[in-house]
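Please take these sequences and the hints and turn them into a complete structure.
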Amino acid sequence: MSIDVIKPGLASSIQDKGREGHYHLGIPPSGGMDQRSLIAANLLLANHEGAAVLECALMGPELRFSEARKVAACGAEMTPRVNGEVRPLNEVFEVPAGATLSFDFVKAGARLYLAIEGGIDVPERLGSRSTYALGSLGGMQGRNLQAGDTLALLPAHGRASVGRRLPSSLVPAFSKQYQLRVVPGLYAHRLTSESQAQFYAEDWTVASEADRIGYRMKGGTRLSFIDREPPFGAGDDPSNIVDACYPIGSIQVPSGSEPIILHRDAVSGGGYAMIGTVISADMDTVGQIQPHQKVRFVQVTLEEALAARARYQEVLEQLRQMA
Amino acid sequence: MTTQQIQAPFPGVFYRTPSPDEPVYVEEGQAVQAGDVIGLIEVMKQFVELKAEASGTLVSFSADNESVLEAGDVIGTLEVNE
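Going down the list, the sequences are from chains A and B.
When we follow full-length UniProt numbering, the leftmost residue of the first sequence carries the number 1, and every step to the right adds one.
When we follow full-length UniProt numbering, the leftmost residue of the second sequence carries the number 1, and every step to the right adds one.
These are calculated hints, taken from the structure and not from any lab test.
Possibly wrong hints are sitting among the right ones.
To be verified - From the derived model, a few chain B residues whose C-beta atoms are all more than 10 Å from chain A:
#1 Gln4
#2 Gln5
#3 Gln7
#4 Val26
#5 Glu27
#6 Val32
#7 Ala34
#8 Glu42
#9 Gln46
#10 Lys51
#11 Ser62
#12 Asn65
#13 Glu70
Stated by the list, open to error - In silico BS3-like cross-links for lysine-lysine, where the CA-CA straight-line distance does not exceed 27 Å:
#14 A:Lys7 to B:Lys45
#15 A:Lys218 to A:Lys107
#16 A:Lys107 to B:Lys45
#17 A:Lys7 to B:Lys51
#18 B:Lys45 to A:Lys218
#19 B:Lys45 to A:Lys294
Keep in mind it's a predicted model, so treat the numbers as computed, not measured.
Yeah, the Cβ is synthetic: ideal placement off N, Cα and C, and Gly gets one too.
This is the structure in C-alpha cells:
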C-alpha cells in the first residue's frame, strides 16, 4: 500500500507531534504547527494521536492511492475531493483503490492535516517522523513533498469507521483577524514604555514570508529601544542582546521594525531581544493564520497563560474521549 | 468560445512580471498557449508560476500587479480556443 504524490501542493510535509528534548542542541521540535487539528484527524481514525500525517499549507496536494484506505482531514477549510467528488472535512471517508484525492482552494485557515489510517511510514529520526526541512531531518528525506514521491503507510489497523465525525463543538473557528495572547519578557524592558504600549495597541499584518520557522509581521509602528551601551558580546543594533535561548513562541523584533513569532522549526537561539512570548495555547492558532491576515497582540499574565493552557489541555482531553 | 476565470490557487502577492524591471509575462488581449506563464504568486518565501490551463486569449486582468490575493480571487479572464 502506498500513495503517489501527483502534485505536492505548496508546502506539504510529513509531521507528527514533534521531537521534544533536543532544542538545547539546536534541533527544534518541528511537528504539526496546529497540534490540535493533527491530533483530531488521527483520533477520528482511531490512530495513535501522534501518528505521522501530511501537513498541507495554503494549497492541498493531489494524491493517488494504490489501495483503498480510510482518511480524515482536519484544520484549514480545503474541501477534499475523491476523483472530483466532494468529501467532508472533519469526518472519516474512504479513498478507493486507484482513486485520486485532491483539495479545493483554501477558504479559511492555513494548514490542513490529512491523517491516513495506520499513519505514514517514514523512519523515525530522534524519536519523531516530523520533517525539519531547514535541517534536512525526518519526514520524506528531510524535505517537503515533491511530485513523484511515494508515501509508504503503516498497516491499517481496521478500527477506522467511515462517517465518524468531529463534534461541531470541537471544530476550530477560523477568521481573518486574530488575537494572540502574549506574556511580556524577557527583554521587554529594552523597549521604551511608549513602544511597549504601542505594540499591543496596533493591528499587525502577517507578512508573505510567514512559514514554519517564524511568522513575520508588518504594518505596525517601528518599535524604539532604550539607548544603551551594548554589553560585551551583543551586537551594535539596539535590538541586539548577548546571545540567548529563543523559546518557541517568542517574539523578536530585529531593528525594531518587523516582529517575528518563532514557531516549531525555529532556530534555538541568537542575539535579538525577545519582547514577549505567544502563549502555548495560542500557537496552534498562529499556524492557521494566512499571510496578509491581521493580528492583534494581547498582553496576559503568566497565571492567565497557565489557565489558558489548562483549558487547551481540556479540549485535547475531549478529543481523546470523543465517542 | 468559452470564457474561463483564472483564479488564485492560494493566497499571496500577485506579480505580472518576472522581476521588477522586466516586461509583463502577458499583455491584455494577447494569445497564450496552455502552460504559458501568466504571472507569479509569492508566499512563504516562494515565487510560484501561475500557468494558463488552456490555450486562448487573455482578455483582461482583474488583479493589479503586486496586489494581495486570497485563494480563489479572480486574476483574469481567458477566452478559450475551441
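List in ascending order the numbers of the hints, as given earlier, that are violated by the structure.
-> 3, 8, 9, 13
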